[in-house]
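Participant: First to last, the sequence lines map onto chains A and B. In terms of our numbering, the first sequence opens at residue 4 and continues consecutively. In terms of our numbering, the second sequence opens at residue 4 and continues consecutively.
Treat the hints as calculated values from the structure; they're not laboratory data. A virtual CB, placed ideally from N, CA and C, is assigned to each residue, including glycine. Incorrect hints may appear among the rest.
Chain A regions said to be covered by chain B (calculated; three or more residues, Cβ under 8 Å) [said to hold, decoys possible]: (1) 114–127; (2) 156–166; (3) 173–183; (4) 223–232; (5) 282–296; (6) 310–316.
2 protein chains.
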Amino acid sequence: MTADALRRFAADVFERAGMPGGDAAIVADVLVWANLRGVDTHGVMRIPRYVNLLETGDMNPRPAIAVRSETPASALIDADRAAGPVAMMRAKAEAARKAKDAGVGFVLVRATTHTAALGYYTSAAAREGLAAVAVSASWPNMAYHGARAAGVSTSPISIAVPDGKEGTLLLDMGTGVVSMGRLTQAKKTGAAIPAGWALDKKGNPTTDAQAADIPLPMAGPKGSGLALMIECITSLVVSNPLISEFIEGTAKGRRHRQNGLILAIDIARFGDPETFRHEVDRLVKAIKSLPVDPQVGEILMPGERGKRTLARRSREGIPVPRAIMDELQTTAKRLGSTMPASPSG
Amino acid sequence: MTADALRRFAADVFERAGMPGGDAAIVADVLVWANLRGVDTHGVMRIPRYVNLLETGDMNPRPAIAVRSETPASALIDADRAAGPVAMMRAKAEAARKAKDAGVGFVLVRATTHTAALGYYTSAAAREGLAAVAVSASWPNMAYHGARAAGVSTSPISIAVPDGKEGTLLLDMGTGVVSMGRLTQAKKTGAAIPAGWALDKKGNPTTDAQAADIPLPMAGPKGSGLALMIECITSLVVSNPLISEFIEGTAKGRRHRQNGLILAIDIARFGDPETFRHEVDRLVKAIKSLPVDPQVGEILMPGERGKRTLARRSREGIPVPRAIMDELQTTAKRLGSTMPASPSG
Chain A
4 MTADALRRFA ADVFERAGMP GGDAAIVADV LVWANLRGVD THGVMRIPRY
54 VNLLETGDMN PRPAIAVRSE TPASALIDAD RAAGPVAMMR AKAEAARKAK
104 DAGVGFVLVR ATTHTAALGY YTSAAAREGL AAVAVSASWP NMAYHGARAA
154 GVSTSPISIA VPDGKEGTLL LDMGTGVVSM GRLTQAKKTG AAIPAGWALD
204 KKGNPTTDAQ AADIPLPMAG PKGSGLALMI ECITSLVVSN PLISEFIEGT
254 AKGRRHRQNG LILAIDIARF GDPETFRHEV DRLVKAIKSL PVDPQVGEIL
304 MPGERGKRTL ARRSREGIPV PRAIMDELQT TAKRLGSTMP ASPSG
Chain B
4 MTADALRRFA ADVFERAGMP GGDAAIVADV LVWANLRGVD THGVMRIPRY
54 VNLLETGDMN PRPAIAVRSE TPASALIDAD RAAGPVAMMR AKAEAARKAK
104 DAGVGFVLVR ATTHTAALGY YTSAAAREGL AAVAVSASWP NMAYHGARAA
154 GVSTSPISIA VPDGKEGTLL LDMGTGVVSM GRLTQAKKTG AAIPAGWALD
204 KKGNPTTDAQ AADIPLPMAG PKGSGLALMI ECITSLVVSN PLISEFIEGT
254 AKGRRHRQNG LILAIDIARF GDPETFRHEV DRLVKAIKSL PVDPQVGEIL
304 MPGERGKRTL ARRSREGIPV PRAIMDELQT TAKRLGSTMP ASPSG
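Using the sequences and the accompanying hints, generate a full structural model.
Facilitator: This is the structure:
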């Protein structure tokens with residue numbers, strides 16, 4: 004499927020589910036961007052889930068997004084259960100504006116929904132010449148170190164800076180030892196997973212990909228510590244706790260809710276932006292000059308593999324597995340939308 | 004040794020090495036704080052090295068610290084090779100002041116030296132009711148994922164927030180799979196280290212603690228990616244690159260230099276600070292209510308072990324190994340200072 008066809012389809016579905024056209028297009032673009040970069044777990048396979056969230060009322064198609072507690076450098080955006088991409092792009096825009104004004108822009112996002120690919124927002128800021136850091140908080144889906152149950156979320160962290168060549172150097176990582184995508188991949192191939200990757204539903208360590216349910220945190224206490232502190236500096240600062248409500252089993256705790264934050268830094272305020280871009284390239288070149296670990300085979304920069312996949316999939320199209328196509332078809336039919344025909348039929 | 008005696012001794016040494024009394028006291032307090040919390044690698048064992056840095060001119064005992072590019076929310080502090088604790092406490096003070104003014108305070112630190120225990124500065128901000136995030140950048144001492152050589156540093160990340168009971172919830176972690184402290188500990192006991200912890204001097208993977216020289220990044224590309232992005236958002240933003248200069252082997256690259264940043268967030272600007280503190284306690288309680296992993300034995304919060312060690316060492320004193328005592332004695336003698344007598348002789 005071409006990116007354009009998928010984008011049009013996704014936007015049409017979200018519009019039929021109640022979103023204004025502009026918002027539907029933003030959500031569609033963020034999902035397809037993830038597919039283009041090879042992060043299919045955050046791509047169009049999410050469409051049925053998003054529609055479901057809209058139907059249950061957890062995601063608000065026409066949110067009254069409000070900016071609160073505003074200063075020249077900071078703001079709290081009350082997202083009113085907006086689709087994550089809509090809330091986060093609004094936050095990115097506010098943070099960028101404030102950064103250009105005050106050197107730094109710090110925007111908290113309260114009561115958003117699935118933030119999708121966090122790197123989309125930081126790299127959008129980097130394309131404007133800013134450095135950007137973003138995190139997001141969600142309900143527990145990852146083990147807390149020392150516990151045999153989900154206690155924190157695989158809260159992602161993304162950092163992006165502009166470089167001199169291809170636009171951006173982009174880190175976008177979860178705090179788990181392994182991404183949900185890689186766990187899903189292992190489930191498909193049926194291969195055993197290494198010890199230390201996951202617990203099963205009951206909280207017991209497992210090397211059976213089919214049984215793997217709760218990923219373990221990266222580097223034990225470090226990954227779960229980071230995730231816990233992300234909950235503190237996002238959810239607790241915006242008075243919308245997710246983890247304690249979930250663990251206590253309150254009604255609110257079982258509803259889909261997320262919080263996030265984005266920090267934008269105006270590089271040009273602190274030095275020459277052209278020198279900065281040159282220095283990013285120089286740093287990349289220096290790291291790439293190091294002796295290669297033959298077991299890995301190549302020294303890659305953060306986001307480099309995604310950039311390659313983007314180039315290939317922009318040319319060759321995005322592979323969508325049959326099972327996902329069927330789910331999308333079901334959603335399309337229910338909403339009166341039409342799936343684009345895939346080139347292979 | 005009591006904390007007080009060590010503090011007085013360290014301050015006396017730094018004053019004799021040229022620092023003003025106030026600055027010497029700050030450095031002494033930061034080092035002894037690390038000892039009190041059990042992070043002995045960042046404690047008084049650093050004194051001889053700091054004195055050496057002062058003597059070679061890499062650390063400036065009487066720096067002309069200057070605030071540049073200032074806005075109501077941000078600043079770049081040119082530290083003029085100040086001792087890390089002096090530069091970072093100045094940065095903490097500026098960030099806290101700006102946060103109370105503008106909701107957020109973002110302070111970059113250029114050309115500092117060894118930042119010591121990063122958690123000291125974030126927890127100092129948290130004691131003022133702020134949330135704080137700090138990172139620091141240094142020359143390469145950790146493998147970059149995919150390379151068989153040091154390519155990035157074990158750049159620490161610290162996040163602290165005020166809680167309702169004991170003051171602060173504090174995360175202070177390096178980006179390596181294991182801390183230098185644990186590697187040093189393994190060297191002493193002579194036990195084999197797990198595969199995946201370190202490379203030897205030549206860049207080959209090793210399980211021999213004695214040969215271990217270059218720690219590996221936590222979670223492979225995640226740890227080294229974070230460390231690389233920390234270099235970008237600190238060193239490159241302040242125009243003081245450390246990694247590329249080091250790898251290229253320039254004269255400047257082999258001098259001891261660090262950069263850092265601290266972000267302070269005024270919790271009270273975005274919600275009720277008492278509710279925040281209550282919510283931190285509630286979150287801790289929820290996580291601690293989870294089923295315990297019998298292999299770990301206990302669910303600990305970030306910084307909890309350090310807090311316990313602090314309580315014990317405040318009562319019982321700080322154990323300083325004979326070898327460290329001898330090194331301190333040598334430094335003391337050369338500068339005309341007197342080592343405090345240890346209670347055991």
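Participant: Taking the hints in turn, state whether each one holds.
Facilitator: Quick rundown of the hints versus the structure:
Figure legend: the region 114–127 of chain A, annotated as covered by chain B; annotation inconsistent (0 residues with Cβ-Cβ distances under 8 Å, at least 3 required). Residues of the region 156–166 of chain A lying with their CB closer than 8 Å to a CB of chain B number 3, which satisfies the three-residue condition for coverage. Counting residues of the region 173–183 of chain A whose CB falls under 8 Å from any CB of chain B gives 3; the rule of at least 3 is met. Coverage of the region 223–232 of chain A by chain B holds. Counting CB-CB distances below 8 Å, 7 residues qualify, and the rule asks for three or more.
Proximity of the region 282–296 of chain A to chain B, defined as three or more residues with a beta carbon under 8 Å from a beta carbon of that chain, is established by the 12 residues found. Remark: the region 310–316 of chain A is not confirmed as covered by chain B, as 0 of its residues place a Cβ nearer than 8 Å to a Cβ of that chain, below the required three.
In the structure shown, a violation is registered for the earlier hints numbered 1, 6, in ascending order.
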